[in-house]
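Dock the two chains into a complex; use the hints.
Chains as they are written, first to last, in numbering that gives the first Met the number 0: chain H, 0 to 118; chain B, 0 to 170.
Because the hints were derived from the structure by calculation, they are not lab data. Heads up, some of the hints might be wrong.
What the hints assert, rightly or not - As a list, the in silico BS3-like pairs of lysine-lysine whose alpha-carbon atoms are at most 25 Å apart:
hint, chain 1, residue 1, chain 2, residue 2
1, H, Lys-58, B, Lys-43
2, H, Lys-65, B, Lys-43
3, B, Lys-37, B, Lys-108
4, B, Lys-102, B, Lys-60
5, B, Lys-2, H, Lys-115
6, B, Lys-43, B, Lys-122
7, H, Lys-30, B, Lys-131
8, B, Lys-127, H, Lys-54
9, B, Lys-127, H, Lys-58
10, B, Lys-90, H, Lys-54
11, B, Lys-60, H, Lys-54
12, B, Lys-5, H, Lys-115
13, H, Lys-65, B, Lys-124
14, B, Lys-60, B, Lys-85
15, B, Lys-90, H, Lys-58
16, B, Lys-100, H, Lys-54
17, B, Lys-43, B, Lys-167
18, H, Lys-30, B, Lys-127
19, H, Lys-116, B, Lys-2
20, B, Lys-124, B, Lys-43
21, H, Lys-65, B, Lys-131
22, H, Lys-116, B, Lys-5
23, B, Lys-131, H, Lys-54
24, B, Lys-167, B, Lys-60
25, B, Lys-122, H, Lys-54
26, H, Lys-58, B, Lys-124
27, B, Lys-37, B, Lys-127
28, H, Lys-65, B, Lys-127
29, B, Lys-85, B, Lys-122
30, B, Lys-131, B, Lys-37
31, B, Lys-37, H, Lys-65
32, H, Lys-58, B, Lys-100
33, B, Lys-152, B, Lys-167
34, H, Lys-54, B, Lys-152
35, H, Lys-58, B, Lys-131
36, B, Lys-102, B, Lys-167
37, H, Lys-54, B, Lys-2
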Amino acid sequence: MKLNLFIFILIFFSQFTFAAEKTVDPNQIHKNLRCLVCQGQSISDSNSDFAQTIKLVVKDLIDEGKTEEEIYSFMSDKYGDWIVFRPEFNIQNSLLWILPYIVLIFGGFFIFSFLKKRR
Amino acid sequence: MQKIIKILILFIFLFVIGIFYISLKRDTNYDTSSLINKITPEFKIISFDESNFYTRDDIKKNNYILINFWSSWCTPCRIEHPILMKLSQTKNLTMLGINFKDKNTQAIKFLSELGNPYDLLAKDKNGKQSVKFGVYGIPESILINKDLIIIQKFVGPLSFEDYNNIIKIIE
Chain H
0 MKLNLFIFIL IFFSQFTFAA EKTVDPNQIH KNLRCLVCQG QSISDSNSDF AQTIKLVVKD
60 LIDEGKTEEE IYSFMSDKYG DWIVFRPEFN IQNSLLWILP YIVLIFGGFF IFSFLKKRR
Chain B
0 MQKIIKILIL FIFLFVIGIF YISLKRDTNY DTSSLINKIT PEFKIISFDE SNFYTRDDIK
60 KNNYILINFW SSWCTPCRIE HPILMKLSQT KNLTMLGINF KDKNTQAIKF LSELGNPYDL
120 LAKDKNGKQS VKFGVYGIPE SILINKDLII IQKFVGPLSF EDYNNIIKII E
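The following block holds chain B by itself, in its conformation from the complex (with noise of 0.2 Å):
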């Protein structure tokens, strides 16, 4: 009995130690993973001037599709702006701009001081259509293929390695 119970203390402290271990090395931060290699979510967007709106159809046009989420009040989104801006000269790409929960004014500064890179541009002024994408936070974009499947989601602003990495899948 005495075994047993030293036994079963052992398991315990073991058990315990196991546990910190892992969920000390876990990163909870918000993880991609759960979108990728899944299909597009259907969804209707009103274009920037509001003239009318897209769907998941209008954007499977080309092989591949980068949706943006973006907005002027978003520091880090004039970072990745240049790349962004060297992305729209690729071939196979299509850019879709989602303007997040910003004022039509100030996106409109925005864009004719950096150069509108978008093939589509539109908005989505109280973020409701960005939660169907798992956005939590600007600036976001996603890789699509031309079947509507999520390649890859980069989660802040688009870095040169990212810009390579794309290049690198899209040609």
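Just chain H, with the same shape it has in the complex (with noise of 0.2 Å):
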């Protein structure tokens, strides 16, 4: 039992570490920025000149201390919404993020419903 719970507090404990220790990765910062002058790329994908230069800001942003949120919000600000696949929430872009739920729950409500009727 001693065993278990000193395991336990170790997992525990060492999870703390882990998301302390955990830095921005530019990786996958540069997959989920949009490249503006290519068809369809991410940051990631493209070895254009725009691509180039984002993922020179992208390293400055990140060796400033900058968190990745930080770093979507002030490409926005630069570019628009456009340039990340993720875009943030808000008014214009709430039925993209409300809508699937809305479906989920009338979805599962319509099977509910009908499930009942043909019992």
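Shown next as structure tokens:
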């Protein structure tokens, strides 16, 4: 029992340690940024001049200690929400975020009432 | 129940058609609207001769400022150059030229051939400063007022229509 508790505490605190050490991954950011001069490519996929510049800027922002969200916010601020593949929640795109949940609830309700009626 | 299903199918059909209609009509090209009416970002850019740096404070000495991103290797920059030369004759406008990812010798040759319209000349060797202004290709020009508010952004070479537009704003 004591051993189990010890292992639990060890794993629990190691999670915190990993969380604290978590660094911003530039590749992840590159994948989530759209190359504005390419056809459907991300910054990560593209070797265009624009993509190279954005990679340099992302590196600088990470070195300045900016978080992933702050970097997306910076890019959206300069180029609009179009540059981010996963845009932040706002009034304009609220439907995009909320609709799947509405469909899920209505769909669930529909299936439930359909099955109930069949019985 | 049958009625509800029919209404639901009709609703989904209309919704899909609506989404297609909006998506096809939407201009997915880069939109400058996110920068208009915003304050000019803070910047520190090296002068072309590398003797000093220019900041926001250096550009607000006149009522209006036009920041133009250009390069000698950019053909549309040659096309817009006569318009920049005409704009340089207006008194109410300070022009900051930012030479973008260019070779010094080529840039000097370009200006000696076509004339230098800029009051201040800087360079952005790796393009990092241009990202602060939301530039993604050149030429691009940004019109700023004395309060450092971005009034207009011109993507691509300036046309005579743009010239008239700028003159109308600054006079």
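Status of each hint after checking the structure:
no. : hint                     : in the structure
1   : H:Lys-58 with B:Lys-43   : 18 Å, holds
2   : H:Lys-65 with B:Lys-43   : 19 Å, holds
3   : B:Lys-37 with B:Lys-108  : 35 Å, violated
4   : B:Lys-102 with B:Lys-60  : 29 Å, violated
5   : B:Lys-2 with H:Lys-115   : 17 Å, holds
6   : B:Lys-43 with B:Lys-122  : 11 Å, holds
7   : H:Lys-30 with B:Lys-131  : 20 Å, holds
8   : B:Lys-127 with H:Lys-54  : 10 Å, holds
9   : B:Lys-127 with H:Lys-58  : 11 Å, holds
10  : B:Lys-90 with H:Lys-54   : 39 Å, violated
11  : B:Lys-60 with H:Lys-54   : 34 Å, violated
12  : B:Lys-5 with H:Lys-115   : 19 Å, holds
13  : H:Lys-65 with B:Lys-124  : 24 Å, holds
14  : B:Lys-60 with B:Lys-85   : 20 Å, holds
15  : B:Lys-90 with H:Lys-58   : 41 Å, violated
16  : B:Lys-100 with H:Lys-54  : 15 Å, holds
17  : B:Lys-43 with B:Lys-167  : 30 Å, violated
18  : H:Lys-30 with B:Lys-127  : 19 Å, holds
19  : H:Lys-116 with B:Lys-2   : 15 Å, holds
20  : B:Lys-124 with B:Lys-43  : 13 Å, holds
21  : H:Lys-65 with B:Lys-131  : 15 Å, holds
22  : H:Lys-116 with B:Lys-5   : 17 Å, holds
23  : B:Lys-131 with H:Lys-54  : 14 Å, holds
24  : B:Lys-167 with B:Lys-60  : 20 Å, holds
25  : B:Lys-122 with H:Lys-54  : 19 Å, holds
26  : H:Lys-58 with B:Lys-124  : 17 Å, holds
27  : B:Lys-37 with B:Lys-127  : 20 Å, holds
28  : H:Lys-65 with B:Lys-127  : 16 Å, holds
29  : B:Lys-85 with B:Lys-122  : 22 Å, holds
30  : B:Lys-131 with B:Lys-37  : 12 Å, holds
31  : B:Lys-37 with H:Lys-65   : 22 Å, holds
32  : H:Lys-58 with B:Lys-100  : 19 Å, holds
33  : B:Lys-152 with B:Lys-167 : 15 Å, holds
34  : H:Lys-54 with B:Lys-152  : 24 Å, holds
35  : H:Lys-58 with B:Lys-131  : 14 Å, holds
36  : B:Lys-102 with B:Lys-167 : 35 Å, violated
37  : H:Lys-54 with B:Lys-2    : 54 Å, violated
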